[in-house]
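A.B. asks: Here are the chains, one letter per residue:
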Amino acid sequence: MPTSKSEPGAGRGGVYDLAVIGAGPAGLAAADAAAGLGLRVALVDAGSRLGGQYYRHPAPELGAARPEKLHHGWAVFARLRDRLAAAPLVDHLAGHHVWAAEAGLPGDDAAPWRLHATRGPGAGDRATVLARAVLLATGAYERHLPFPGWTLPGVVTAGGAQAMLKSGLVLPGHRIVVSGSGPLLLAAASSLVSAGAKVPAIVEATSYLGYARGLPVLAGNPAKLAEGASHGAVLLRRGVRLRRGSAVVEAHGTDRVTAVTVARLDARWKPVPGTERRIECDALAIGHGLVPQIELAVELGAETVTGPDGAAALKVDAQQRTSVPGLWAAGETCGVGGADLALAEGVLAAHAVAGRPAPARELATRRRRRSFAALMAAAHAPGPDWTGWVTDDTDVCRCEEVPAGEIRAAVTELGAGDARTVKLLTRAGMGWCQGRMCGPAVACLSGGGTGRPDSRPLSCPVPLAQLAAPREE
Amino acid sequence: MDPLDLVGAEPGPARTILFDGRPVPALPGQTLAAALWADGVLAWRTTRSGGRPRGAFCGIGQCFDCLATVNGRPNQRLCLLPAEHGDTVTTQEGHGHADLEV
Ligand code: FES
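Chains R and B are the protein sequences, given in the same order. When the letters of the first sequence are read in order and numbered with UniProt numbering, they come out as residues 1 to 473. When the letters of the second sequence are read in order and numbered with UniProt numbering, they come out as residues 1 to 102.
Derived by calculation from the structure, the hints in this document are not laboratory data. From the three backbone atoms N, C-alpha and C, an ideal C-beta is built for every residue, glycine too. Some clues are possibly wrong.
Pairs of lysine to any residue residues, derived as SDA-like cross-links and limited to a Cα-Cα distance of at most 25 Å, are as follows [to be verified]:
#1 R:K315 with R:K198
#2 R:K315 with R:V217
#3 R:K69 with B:T16
#4 R:K198 with R:P222
#5 R:K69 with B:G86
#6 R:K270 with B:V41
#7 R:K198 with B:G40
#8 R:K69 with R:G214
#9 R:K198 with B:P13
#10 R:K69 with B:P13
#11 R:K315 with R:P359
#12 R:K69 with B:G8
#13 R:K315 with R:G326
#14 R:K198 with B:L4
#15 R:K69 with R:A229
One side only, chain B facing chain R, incomplete, derived with CB under 8 Å [what the hints assert, rightly or not]:
#16 V7
#17 A34
#18 S49
#19 G51
#20 F57
#21 C63
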C-alpha cells in the first residue's frame, strides 16, 4: 500500500473507485475488503498512523515490543495492517483531514466525488481526492456532561487518557478517578491500572439495571460479555471499586485537581442530598459515552436517526447506503456499537459498493451487535436531571468560558428554546472546538434535547489561505 | 509497573525540550503534551477571559485546550505535535498574541 503524506494536488491516481474516510476498524476492514474485490481505494485519514482511536498505538520510535497489552483485538488490527501494506490497490493518504465533501454523480467519472482535505497550516497544504463512491467511517467523539471543576488541569477525557497512554505511554497522574457512564469507563480504567495507576473508584452514573431487560440480547453476544468480564477481572484483581448510580458532582483544586466529590444519583440522575463523599486523587478521567461523528454527511443532507441515547446517527439501509446517492457509512457513524460491529459493517459496505452479495458472517455479526448497541445506548442514556449538578458558575463551553448561568438566562429571560439560539446569544459552542466538547450539554440546558445533528460547513479548522487558493483542476 | 514496562518499550535516548526555560525530557515518538505529562506538568496555558490554567483534555486534537506557544508560534496543539530536540514550549497567556499588541 503506497503511503502518501506530501504530494499536492488531486490525489495520486485520478479517480478512485472508492474513497474511505477514516482508518479505524470500519475503514480498515472496508479498504481491505474493497481492494480484495478489485476496487482502487483511497484510505483518507487525519492521523499519521493507521488504526484510528481504537487501534491507536505507540510511535515506532518508542520501540514497544508488546503494543497488544493496551488493546483488545490487536491481532485483528495487525492482520489488516499487514494485508493493507501489501495491497497495491489501496493508497493510504495519511495526515489528510477531510473538511468538506462535494457530492458526485455515483459511478460517473466526469462528475466524481471531491473530498477536500487539509494536510497542514500552509497555503499549499491542501489536497482534493476524487472518487466514484465515498464511505464515511469517521467514528465517534466523546460526550461530556459538565460539573463544577471540570475545567481544572488533571481532569481529562476517558478517551483522551487512553489515547495518551496508547500512543505516548504516559498517565495524567498516579491516583486517577474514572467517572461518567458507559463501557468505555471500564476499558479506560483497566488500561490505567494495568499501566500502573491507582484507580480509587470508577463512578458510573447508571445502575446497570437497564441491561437486565436485555438478557436475550446479552446471551447472543458472548464475546461482549467476555470482554466486559476480562476488564472486570483486571479491575477486581487490583481492588478497583465500581460505584454504580453515582456521579462526580464536583472536582476540587486551584491549579489542578486534588479531590472529587461523589454523590449518589436517583433514577433521573438527580444527586441525592446527604450522600456526598470526598475522594482524593490527582487526576480524573471523564466520559459519557460516544456520539457519532457525522458532520460531513449531515452537511450533504443525509438523513439521520435518533438512537436510544438521544444521539443522532446516519440512517443507512441494509447495504450501508446513506440517503445521499454514492455515500455509504459504516461503524459508529451509523450508531455507536464497538469495533466488531464496525469491522463487519466495513466489510458489508465494501461488498455493496462493489456490487457483490453480502457475506453471511458479517450479516450475522451486524444483526447481533446492533441489538447489543441499542441495549447499551438505552442503559447508559443520560438521565434528564443531570443538569441538577451544574451550578450557574460552571463553565459549560470550555473554549469561550460560558457559564451555565448565562445559558440558563438566555433560555429563561431571553426566550431561547434551542442550542442554536443559545449559541448566538452566548457564544457557547462558537470557540475553537466548534461545540464538540459542549454541544450535547448546551443542547440539554437549552431544552432542545440532544438528538438534532449539528450542521457545520467545515468539519475541522482550515487555514484561510487554503480556502482562498484557487481550485486546481 | 509503568506504561513503558507494560508494553516492553525500548525507546532511544530522550530528547530535551524546554518548558518555560526548564529542561524536560521527551522520549522519541512522544508528543509535546505526552512529554509534559510524563514530567508531571498538566497545565501550559491560561484562558483568555478568566486567566484559568488549562492543559490537555481530549488528547486527540479536538478540544483545543492544550494550546501553547511552541518555538515562538502561539496556539499550537501540544497533543498533536511530536517533540523535537530543542523545542521550546512557553505557557501561553490568553490568545497568545499579547506581544503583537500596541
Ligand atoms: S488535548 Fe484536546 S486538542 Fe489537544
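A.B. asks: For each hint, tell me whether it holds in the structure or not.
C.D. replies: Going down the list of hints, with the structure as the test:
{"no.": "1", "hint": "R:K315 with R:K198", "result": "violated (41 Å)"}
{"no.": "2", "hint": "R:K315 with R:V217", "result": "holds (22 Å)"}
{"no.": "3", "hint": "R:K69 with B:T16", "result": "violated (28 Å)"}
{"no.": "4", "hint": "R:K198 with R:P222", "result": "violated (29 Å)"}
{"no.": "5", "hint": "R:K69 with B:G86", "result": "violated (32 Å)"}
{"no.": "6", "hint": "R:K270 with B:V41", "result": "violated (35 Å)"}
{"no.": "7", "hint": "R:K198 with B:G40", "result": "holds (16 Å)"}
{"no.": "8", "hint": "R:K69 with R:G214", "result": "violated (31 Å)"}
{"no.": "9", "hint": "R:K198 with B:P13", "result": "violated (28 Å)"}
{"no.": "10", "hint": "R:K69 with B:P13", "result": "holds (23 Å)"}
{"no.": "11", "hint": "R:K315 with R:P359", "result": "holds (21 Å)"}
{"no.": "12", "hint": "R:K69 with B:G8", "result": "holds (9 Å)"}
{"no.": "13", "hint": "R:K315 with R:G326", "result": "holds (14 Å)"}
{"no.": "14", "hint": "R:K198 with B:L4", "result": "holds (16 Å)"}
{"no.": "15", "hint": "R:K69 with R:A229", "result": "holds (17 Å)"}
{"no.": "16", "hint": "V7", "result": "holds (4 Å)"}
{"no.": "17", "hint": "A34", "result": "holds (3 Å)"}
{"no.": "18", "hint": "S49", "result": "holds (5 Å)"}
{"no.": "19", "hint": "G51", "result": "violated (10 Å)"}
{"no.": "20", "hint": "F57", "result": "holds (6 Å)"}
{"no.": "21", "hint": "C63", "result": "holds (5 Å)"}
The structure is inconsistent with the numbered hints 1, 3, 4, 5, 6, 8, 9, 19, although it conforms to all the rest.
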